[in-house]
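**Q** Residues per chain, in single letters:
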Amino acid sequence: MRNYRADIHIHTVLSPCASLEMSPTCIVNEARAKNLQIIGITDHNSTLQCALVQQLASRVGIFTLMGVEVTTREELHCLSFFPSATELSAFQYFLEEKQEHIPNLANKMGYQVVVDEQENIIHEVEYWLHTALSVSVNELEKMVHSLGGIFIPAHIDRPRFSLTSQLGFVPEDLNADAFEIFNPQNLSTFSKNIQHKTFIRNSDSHSPSQIGKVFTQFVMPELSFDAIREALRTNSVIFEDKPNSNLRQ
Amino acid sequence: MKKIVTEKVQKMKTSELIQKLNLRVFNSNQISDAEITGGYTSDLLSDVMGNAAPGQAWLTLQTHKNVAAIASLKDLSAIVLVNNNTPENDMLEAAENEGIAVLGSQLPAFELSAAIYNALQV
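Residue numbers (the working numbering), protein chains in the order written: chain A, 805 to 1053; chain B, 6 to 127.
Calculated from the structure, these hints are not laboratory results.
There's no promise every hint is true.
Residues of chain A placed beyond 12 Å of chain B at every Cβ, according to the derived structure [to be verified]: (1) R877; (2) E879; (3) H927; (4) T968.
With a straight-line Cα cutoff of 30 Å, these simulated DSS-like cross-link-like pairs (lysine-lysine) come out [unchecked claim]: (5) B:K79 / A:K1001; (6) A:K1017 / A:K838; (7) A:K946 / A:K902; (8) A:K996 / B:K79.
Here are the in silico distance ranges between beta carbons for each label pair [what the hints assert, rightly or not]: (9) B:A124 / A:L824: 50 to 56 Å; (10) B:A124 / A:Y897: 26 to 32 Å; (11) A:S1028 / B:P113: 45 to 51 Å; (12) A:K1001 / B:R29: 36 to 42 Å.
Beta carbons are placed, not taken as given, at the ideal position from N, Cα and C, and that holds for glycine.
Just chain A, same shape as in the assembly (with noise of 0.2 Å):
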């Protein structure tokens, strides 16, 4: 078993609230100055640049979760990660069905570009991407499992856009991988049933300086997609100030 240290709640210049800077390039860069092992690549509402990522961080070393941060109908925000490109595309042709197109004003919202590894802008996408899509979280996390993906609510206890925000607690019967928690110390006012999940930790970098200042580290018998499910599945994961934890750094 080795520890592999991870950051998976990463956006791109594709996010309209995320730096220019974020560029495919400079995100592989950081996260190898950082030493992340895996990165996870998670827009919000698109796909469109995890493909390059993946390329340049493959170069590396590095291994990349492919997925999305999804905003559901009750507008909370969910991890979304998919095993290979064909399951990545297939679920990209989801969002765009179940997205409402509101024209994206760059200069007020930012921009939403996909940029190539030399940081040309090649597409720009028209519509604003952090509206709600019309899926609720209990449809997502079906079609998230029917493709074989990783499904985590994300950043549960803040006080915007999470489950607890938006649903008031987080529903026992939610079939989720993990819960991504934001502050640790927040894990005392889940249920217990709640509690006993697995939790991660993640930047949610919007800019390169905060790749990697906060990560989770995987404990795992080796690097891939299905060793990280199971890692999840059974709890093998170990961040700073992780109550309880019998894992060692």
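Use these hints to put chain B onto chain A, whose structure you have.
**A** Then chain B, alone, in the frame of chain A:
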């Protein structure tokens, strides 16, 4: 989002409100004809948990099962879905188990809040 209940507010049976505002009733089982003592309009369930008062009808566009749980927890009189929203199956089921009315209207939240407020004044 402010509480619309005031000192002056009269009570009204759920059945009267349904009739007066021509609300859609989603429940198929018998529902309790609870006394409505006011209303609370909000789509953040954490806000409703903190600020709604017992007996109020809750106007929302949220249709998740947690809506039924919080309505029960807060002893709310009815759930009223605005803007033609319909409950998710498990939400309706949970509300039925608690005997809470799940109602609906085609009016958006602002207009429906005003209509219920006015209905409670007479």
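**Q** Going back to the hint list, which numbers does this structure go against?
**A** Failing hints, ascending: 1, 2, 4, 10.
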